[in-house]
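Q: Residue strings, one per chain:
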Amino acid sequence: MRQLLFLLPLSTFILLAAYFGLGLTKDPGLIPSALIGKPAPKFDLPSLMPGEKGINEHDFKGRVSIINVFASWCVPCLAEHPIWMQIHNNTSIPIYGIAWKDKRESTMRWLEKHGNPYVRIGYDPLNVFGIEWGVYGAPETYIVDKTGRIRFKHVGPIFPGLWQSQIFPLVEKIRAEK
Amino acid sequence: MKLFLIPLFLMMLFATSAEAVEPDELLEDSRLEARARALSVDIRCLVCQNQSIDDSDSDLAKDLRKLVRKKVKEGASDEDIRNYLVTRYGEFVLLHPRITSDTYILWFGPIVILLAGIIGIFTFFLRHSKNNSIQPSLVLSEDEEKRISELINNRG
Numbered sequence: 001m002r003q004l005l006f007l008l009p010l011s012t013f014i015l016l017a018a019y020f021g022l023g024l025t026k027d028p029g030l031i032p033s034a035l036i037g038k039p040a041p042k043f044d045l046p047s048l049m050p051g052e053k054g055i056n057e058h059d060f061k062g063r064v065s066i067i068n069v070f071a072s073w074c075v076p077c078l079a080e081h082p083i084w085m086q087i088h089n090n091t092s093i094p095i096y097g098i099a100w101k102d103k104r105e106s107t108m109r110w111l112e113k114h115g116n117p118y119v120r121i122g123y124d125p126l127n128v129f130g131i132e133w134g135v136y137g138a139p140e141t142y143i144v145d146k147t148g149r150i151r152f153k154h155v156g157p158i159f160p161g162l163w164q165s166q167i168f169p170l171v172e173k174i175r176a177e178k
Numbered sequence: 001m002k003l004f005l006i007p008l009f010l011m012m013l014f015a016t017s018a019e020a021v022e023p024d025e026l027l028e029d030s031r032l033e034a035r036a037r038a039l040s041v042d043i044r045c046l047v048c049q050n051q052s053i054d055d056s057d058s059d060l061a062k063d064l065r066k067l068v069r070k071k072v073k074e075g076a077s078d079e080d081i082r083n084y085l086v087t088r089y090g091e092f093v094l095l096h097p098r099i100t101s102d103t104y105i106l107w108f109g110p111i112v113i114l115l116a117g118i119i120g121i122f123t124f125f126l127r128h129s130k131n132n133s134i135q136p137s138l139v140l141s142e143d144e145e146k147r148i149s150e151l152i153n154n155r156g
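Top line first, the protein sequences correspond to chains A and B.
Each residue of the first sequence is one higher than the one before, starting from 1 at the first, in my numbering.
Each residue of the second sequence is one higher than the one before, starting from 1 at the first, in my numbering.
Hints listed in this document are in silico derivations from the structure and should not be mistaken for laboratory results.
Using N, Cα and C, we set each Cβ at its ideal position, and we do this for glycine too.
Some hints could be false.
Unchecked claim - With a straight-line cut-off of 16 Å between C-alpha atoms, the simulated EDC-like cross-links for lysine to aspartate or glutamate are:
1. 73(B) / 28(B)
2. 66(B) / 33(B)
3. 70(B) / 80(B)
4. 153(A) / 132(A)
5. 71(B) / 132(A)
6. 61(A) / 44(A)
7. 70(B) / 132(A)
8. 101(A) / 63(B)
9. 66(B) / 132(A)
10. 73(B) / 59(B)
11. 101(A) / 59(B)
Unchecked claim - Among the chain B residues that face chain A by a calculated CB cut under 10 Å, a handful are:
12. 42
13. 45
14. 47
15. 58
16. 63
17. 67
18. 85
19. 86
20. 87
21. 88
22. 89
23. 90
24. 92
25. 93
26. 140
27. 144
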């Protein structure tokens, strides 16, 4: 045992190198959200559509909801848009939209052109919601459970594969909770 | 010939880092502004991850700079502002991680490894020098001494 001690520095080095090497293969853009498991932060946004009801954090209580931060200038938002249309047409999961850092007319025109999958849309040109919820780019998607807690956050577009394999099962699981 | 290098060198000497803060963001009170600057140097821009919000030109960095200034103006303490950001963006938003139970390894790991190394080297040499002094093979026996003196004498 004693004689093998000289191998300790080498094996430590190999272990560390493997650990750091593995770290290099990961996407540094993936930052765990600080809000997972916490109650949805307070906010109060007017509606994008003139004359309609706005959104605040109490709207999410009682049902599992999806909150999607989007903008008409955001290309990946357009890329993920079909999945929201599909979810809107085929399921009863409510999707709330946050029109982020955008002009009202531009967002409305964009929705007219590509379809509106949202039950309600909050208008956030000044990034008020964004700061409260720790948004750092569009698109961003949150899942809030019945008690109003944030359970999941995804940064970047959601494609059908990710929805089928991870997000939909998670929504189903959270929906089954009492 | 190399004279032209002198102005170049002087330019490099007096160059200051480019700042992203725009004139309209500055606070009027220079004391508060200085505090806001000191704070923002330590806050990570989450879009261009290895820049502080003070350096970064991104939209998010601008929003956060404005937010920091608004809070400073409202009289929030540095710690309040940091906490505000950490609860929303996570510990990652600080470029200088705080010492908490999560970051003990980060802060103290290197010191522990260094100490272990020093202790290791110390004990290694200590044991060696001890071994040397008592190793019987290194001390000549009476017979050996006799043979050596014989050999020396024979040569003469």
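Q: Next, verify each hint and record whether it holds.
A: For each hint, the structure was consulted:
1. The hinted pair formed by residue 73(B) and residue 28(B) meets the criterion: a straight-line CA distance of about 10 Å does not exceed 16 Å.
2. For the hint linking residue 66(B) to residue 33(B), the alpha-carbon distance of about 11 Å falls within 16 Å, and the restraint holds.
3. In summary, the hint linking residue 70(B) to residue 80(B) is supported, as the alpha carbons are separated by about 13 Å, within the 16 Å threshold.
4. As the CA atoms of residue 153(A) and residue 132(A) are separated by approximately 14 Å, the hinted pair is consistent with the 16 Å bound.
5. Distance check on the hinted pair: residue 71(B) and residue 132(A) sit about 14 Å apart at the alpha-carbon level, within 16 Å; holds.
6. Simply put, residue 61(A) and residue 44(A) have alpha-carbon atoms about 15 Å apart, close enough for the 16 Å limit, and the pair holds.
7. With a C-alpha separation of about 14 Å, the suggested pairing of residue 70(B) with residue 132(A) holds against the 16 Å cut-off.
8. Our distance criterion of 16 Å between C-alpha atoms is met by residue 101(A) and residue 63(B), whose separation comes to about 11 Å.
9. In summary, the hint linking residue 66(B) to residue 132(A) is supported, as the alpha carbons are separated by about 14 Å, within the 16 Å threshold.
10. As the CA atoms of residue 73(B) and residue 59(B) are separated by approximately 21 Å, the hinted pair breaks the 16 Å bound.
11. Taking the CA atoms of residue 101(A) and residue 59(B), the gap is near 10 Å; set against the 16 Å cutoff, the hint holds.
12. Annotation: interface hint on residue 42(B) violated; nearest CB of chain A at approximately 17 Å, more than 10 Å.
13. A least Cβ separation of about 9 Å between residue 45(B) and chain A falls short of the 10 Å threshold, and the interface hint therefore holds.
14. For residue 47(B), the shortest C-beta to C-beta distance to chain A is roughly 6 Å, which falls under 10 Å, so the interface hint holds.
15. Because the closest C-beta pair between residue 58(B) and chain A is about 9 Å apart, less than 10 Å, the hint holds.
16. A distance limit of 10 Å between C-beta atoms decides the matter here; for residue 63(B) the minimum to chain A is near 5 Å, and the interface restraint holds.
17. With a least beta-carbon distance of about 6 Å to chain A, the hint placing residue 67(B) at the interface is held under the 10 Å criterion.
18. Taking 10 Å as the C-beta contact cut-off toward chain A, the hint placing residue 85(B) at the interface holds, the least distance being around 9 Å.
19. Hint on residue 86(B) holds. Least Cβ distance to chain A is approximately 7 Å, under the 10 Å limit.
20. The interface hint given for residue 87(B) holds, since its Cβ lies 6 Å from the closest Cβ of chain A, which is under the 10 Å cut-off.
21. Taking 10 Å as the C-beta contact cut-off toward chain A, the hint placing residue 88(B) at the interface holds, the least distance being around 4 Å.
22. Annotation: residue 89(B) was flagged as interfacial toward chain A, and the flag holds, the nearest CB pair being 5 Å apart, inside 10 Å.
23. Given hint, residue 90(B) at the interface with chain A, holds; its Cβ is 4 Å from that chain's nearest Cβ, closer than 10 Å.
24. Checking residue 92(B) against chain A by beta carbon gives a least distance of about 5 Å; that is within 10 Å, so the hint holds.
25. Interface hint at residue 93(B): satisfied, since its Cβ lies 8 Å from the closest Cβ of chain A, which is below the 10 Å cut-off.
26. The beta carbon of residue 140(B) comes no nearer than 29 Å to any beta carbon in chain A, farther than 10 Å, and the hint placing it at the interface is violated.
27. Residue-level restraint check for residue 144(B) is violated (minimum Cβ-Cβ distance to chain A is 30 Å; threshold 10 Å).
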